[in-house]
Structures are given as C-alpha cells and as structure tokens.
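*Asks:* Sequence:
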Amino acid sequence: QIQLDRIFRDDVHPSSCRPYFSSVDCPVAVSRELRSSGSGSTLHIEIDISRSKDVMTYNTADNLGVLPANDAKIVEAVANALSYDLDAVFCIKAAHGYEGNHSVPFPNPCTVRECLSRYCDLTSAPKRSDLKQLAAYAKDPLHRSALLRMSSKEGKAEYNEKIIDAHVGIADIVSKICRSIEAPLEHFIALCPRLHPRFYTISSSSSLHPDMIHITVSILKTKLKDGSIYNGVCSNHLAGIVENGMARVFCRDSTFRLPSDPSRPIIMIGPGTGIAPMRALLQERSYQKIQQRLAVGKNVLYFGCKNRNEDYLYEKELEAFQREGSLDNLRVAFSRENPKKRVYVQHLLAEDAEETWKMVEEQKASIYVCGGVKMGADVADTMKWIVSDAGKMSSDEARVYVEKMASDGRFVQELWA
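Sequential numbering of the sequence shown, starting at 1, is according to my numbering.
Quick caveat, the hints were computed from the structure, so don't treat them as lab data. Note that the Cβ used here is the ideal one computed from N, Cα and C, for glycine as well. Not one of these hints is a red herring.
Simulated restraints, written as ranges between beta carbons of each label pair:
id : residue 1 : residue 2 : range
1  : T222      : D253      : 27 to 35 Å
2  : D226      : E403      : 44 to 52 Å
3  : G409      : K221      : 30 to 38 Å
4  : G38       : G97       : 58 to 66 Å
5  : I164      : S39       : 19 to 27 Å
6  : Q322      : E158      : 50 to 58 Å
7  : P184      : S39       : 37 to 45 Å
8  : A88       : T255      : 42 to 50 Å
In silico DSS-like pairs for lysine-lysine, Cα to Cα no more than 30 Å straight-line:
id : residue 1 : residue 2
9  : K374      : K384
10 : K132      : K156
11 : K132      : K153
12 : K316      : K340
13 : K221      : K132
14 : K223      : K132
15 : K127      : K153
16 : K364      : K374
17 : K404      : K374
18 : K176      : K153
19 : K139      : K93
20 : K374      : K223
21 : K289      : K316
22 : K221      : K340
23 : K404      : K384
24 : K306      : K223
25 : K374      : K316
26 : K374      : K341
27 : K221      : K341
28 : K364      : K289
29 : K162      : K127
30 : K404      : K358
31 : K223      : K340
32 : K176      : K132
33 : K139      : K153
34 : K73       : K176
35 : K341      : K358
36 : K132      : K73
37 : K374      : K340
38 : K358      : K392
39 : K156      : K127
40 : K223      : K127
Produce the entire structure from the sequences given, and follow the hints as far as they go.
*Replies:* Structure (structure tokens):
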C-alpha cells in the first residue's frame, strides 16, 4: 500500500470533485448506430437506471453527466513511463496540521489504475502552467528547457502549435516526448488536471421512459497532421462499452422545460446531435396528448444535417411523430445536398418568418435551441430579424423583445463550442 500523506492546497476543489462521489454505475442496455452511411459515427445509447432510482431520477431533457475512463493503453503507457505499479493501492490524507482544511479529491483507497483511468486527465492539452510544473521533474536538460520555453509568454506560439493544435496530452509528454520525466505518484496526482465529466442533453422523456435514460452521442475522432487519430475521451469510452457494461453517470438539471400550459405551441431548433432534447420534448408532448389526453399546442421542429442518406438522425421516429399528430411541422435543412448553396436551419426559420412571428407573438410559443455556438448565434440573429421585420420593430426593439423572451424562459438555448 502506498501512503500519500501530502496533498497540495490547490488540488482540492470540492464542487468540481463532487461528481466523483455522487455518480453511480448503471448498465448500458442499448447502443446502436444512428447514421445510415458516410464517415463518422453517432450512437443512440440507453442507460438503465432502474436499480439506482433511490439516488438518481431525471426530468425530460435534463443533462446526463458521464464520468469517462481513459483508454487502458494510455493508462499503461503513463504507468510504464513513470514506473508505477497499476495494481498498487494507496490512500490520500492531508499533511500534518492541514487535516481540517481538505477533503479528499476522489474516492480512495483506490488502485493506481483506477486513479489514472478515472481521475487524471491524460489526453487533454495541459495548460502552460502545467508544463512549467512538469519541467521540474525532467532529468534531461533539453526536455526541461523545451517545457519551460513553451510555458513562457514568449513560447505561446510554439505551445499552440505543438500542444494545442497537435492534441498533445500529459500522457504523450511523459511517455513519448519527454521520457526523462520522473515524478513520484503523489506529485503526479497533484499536478495532473482532474478528468471532468462530460454532459449530454438527455434525449428521452421521463414520463415515457422513467427507468431508462437515452443520450445521443457523436463519436469524436480527429485526424492529426501526422496521420494519427485523436479520440475524444468520453465519446469513445461510451462507444467501447459493450451491452450491459457499466457507465458511471449522474443527472443535472437543464434549462429545457416545456410550458406549464401544454396548449401553448413550441418551436424546436436542433441540428445534428442538437436533436437530442427535441426528441425528448416530442416524446413528452406525445405522452401529454395520447396518454394524458391533454390539449397540446402546435409542435414545430427544425432539424439540420449534411445529407438525408447519411446523417438524418431519428428519421423514422420523426416520421412516426408526424403520423400520430405530435409533430405538426418538420423542416429539415440538408446542408450538403445542393453544391451551389448550403442550407442551414436558420435559413428555413427565416423562410417561415410570418408564421413564426404569429406563433411567438399571438400564441406565446416557446423556442428551444440546441447545438453549436455559431448556429445558436445565427438562430438568435434570425429571430431578431423576424421580430423586427414581421413585428415592425426597430433592431433595438427586436433585440429587447428576444431578450425578454429569454428572461421569461421562452427562448432557451443550450450550446456547445
């Protein structure tokens, strides 16, 4: 057993560490490919929470936090480079005199393997300040000077090129680039950034699927200049979980909440995997209409993808919502089908300016947007233009109108970079 009796003051952040203690292991019941062809992969994953409902429940379109695990080969490479015994067990306690100032950063006792797999971010690009700390452990003067140079203000361009753009993580540094680094385990734990959860907007209704959480996951694989592939740590971790394998998860509230009055219409805008919360909201509206027999307002969806034969996610489900009357208007932007003109969701929204304004102003429709930051900005600009043009307002008045919708919870955006 390795006893680590030192922990650095800046190593403990209770709020960021809380998911390590509050998450639960739940079986993956379903994992299936959503793309029909083409490059890339998008998975529909269903996680069974039926045995964990005493500590985990969810609301429709909440966020699911997933605690990833580093690839076993990467973990082994780091352990080999730093001469760690992966099966050794250790525990952390505060240094003498600091016992009341610290809580442990992650559950322990644990094995070195569990620590490197679950709690150390080995693949994200380290900060320049991290490189400066690592330099102190480099035995080779060339390695030390290179790390110090990239950690300096003068070396920022080199850092961007060789670390950020090349997707170089701490694992690459200690096992490939600067093999002379020697760091005791307690020092490595203190300097290595924590591996944080990734969040996915839940794509299922809690009314329809109380025991299952559905998520829609784009598998991140980026080809680098040297021909190698950078794998996103969480999406590839999820892709590698076989049926009935465990995912470590927890729930967090999202801002997607349906109107308290179900008779009010909703407008949903979610290209790509931004379809996830819209699928959840449609399931909930279908449940309200068919199971609860409520008067449900009009449902309009704007979805976007490259090509109808490649990445039209949940196509058959959306058609089924249309047939049952739960989806009144489906507008799909296929951005790559016309080589002369790329069409995106904001373009279709602009085409429907008069109808959108009528729904927003007269029927008090709520608008939900999910996807990339740029798309979200384009949709917000389009909404301001619609309000200005169809509502006969100045640009400043339109901006205030859309801001008021947002503050009232009627224009909701969850976006990612």
